Amino acid sequence: MSISRTHVLVAAAATVLLAAGCSDDSTTTQSTEHSTTTTTVATSATASTDFNAADVSFLQMMYPHHAQAVEMAKMVPSHTQNQQLIALAAQVEKAQAPEMQQITDLLAGFGEPAPSATEGHGGHMPGMMTDAQMSSLQAANGADFDRQWLEMMIAHHEGAVEMARTELNAGVNSQARRLATKIVADQEAEITTMRGMLGQN
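Mind the numbering: the sequence shown is residues -19 to -1, 1 to 182 in mature numbering (1 follows the signal peptide of the UniProt record, and there is no 0), read in order.
Note that these hints are calculated values from the structure, not bench results.
Note that the structure is predicted; figures quoted are calculated from it, not measured.
Just so it is clear, CB atoms sit at the ideal spot from N, CA and C, and this is done for glycine as well.
Do not take every clue at face value.
In silico SDA-like pairs for lysine to any residue, Cα to Cα no more than 25 Å straight-line [as the list claims (entries may be wrong)]:
hint: 1; residue 1: Lys55; residue 2: Ala34
hint: 2; residue 1: Lys75; residue 2: Asp31
hint: 3; residue 1: Lys55; residue 2: Glu139
hint: 4; residue 1: Lys55; residue 2: Thr111
hint: 5; residue 1: Lys55; residue 2: Thr173
hint: 6; residue 1: Lys55; residue 2: Gln129
hint: 7; residue 1: Lys163; residue 2: Thr85
hint: 8; residue 1: Lys55; residue 2: Arg176
Label pairs and their computed distance ranges (CB to CB) [said to hold, decoys possible]:
hint: 9; residue 1: Glu93; residue 2: Pro58; range: 15 to 23 Å
hint: 10; residue 1: Ala151; residue 2: Pro58; range: 33 to 41 Å
hint: 11; residue 1: Thr173; residue 2: Gly92; range: 37 to 45 Å
hint: 12; residue 1: Arg146; residue 2: Gln82; range: 21 to 29 Å
hint: 13; residue 1: Ser155; residue 2: Asp125; range: 37 to 45 Å
hint: 14; residue 1: Gly92; residue 2: Thr174; range: 34 to 42 Å
hint: 15; residue 1: Glu139; residue 2: Gln65; range: 15 to 23 Å
hint: 16; residue 1: Thr147; residue 2: Leu179; range: 22 to 30 Å
hint: 17; residue 1: Lys75; residue 2: His105; range: 22 to 30 Å
hint: 18; residue 1: Ala71; residue 2: Ala34; range: 31 to 39 Å
hint: 19; residue 1: Ala151; residue 2: Gln82; range: 20 to 28 Å
hint: 20; residue 1: Gln62; residue 2: His105; range: 30 to 38 Å
Take the sequences, apply the hints, and build the full model.
As structure tokens, then:
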């Protein structure tokens, strides 16, 4: 009877120790998972705020550059009946208007304000149209408008691609660099389209 009780006590003690061991393993696993998650979040936050002067310059110049492209795109429906040009202008606006908000958000994350949408009309940025050029475009209609718009937008896009490539060479922020990559891809494709359209006019 004594031996039986001893066996029972030993078995009970082993069960308690096994349960304690499982509990420790579970706690250790949870602690490790929490630590990993915290590290991942911290790393992500650090990456999103890692930037240099080239990133800020790119975003601050691209904002008014995009604003002018959107302004030009909005002119199209009231100045031409060219459906291909109307569709292209809508495509330009659809792509660049949301990118302006993205630029604003990135600059805010860097502690930098977005510049005025009209900043840069003096033409000191690559591809920017002057006030005189914008006035000439506004006064044109029909085939003359189509030609001016396409020529100006090709130059405008080429300027944007130039600025985006500078960002890819000198910038460090991953989000700004992704935007630059998208700008190069989108606008080079549109340049090809516009050159083809000019050949049709």
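Item to complete: Enumerate the violated hints, using their earlier numbering and listing them in ascending order.
Response: As far as the earlier hints go, 1, 2 and 9 are violated by this structure, in ascending order.
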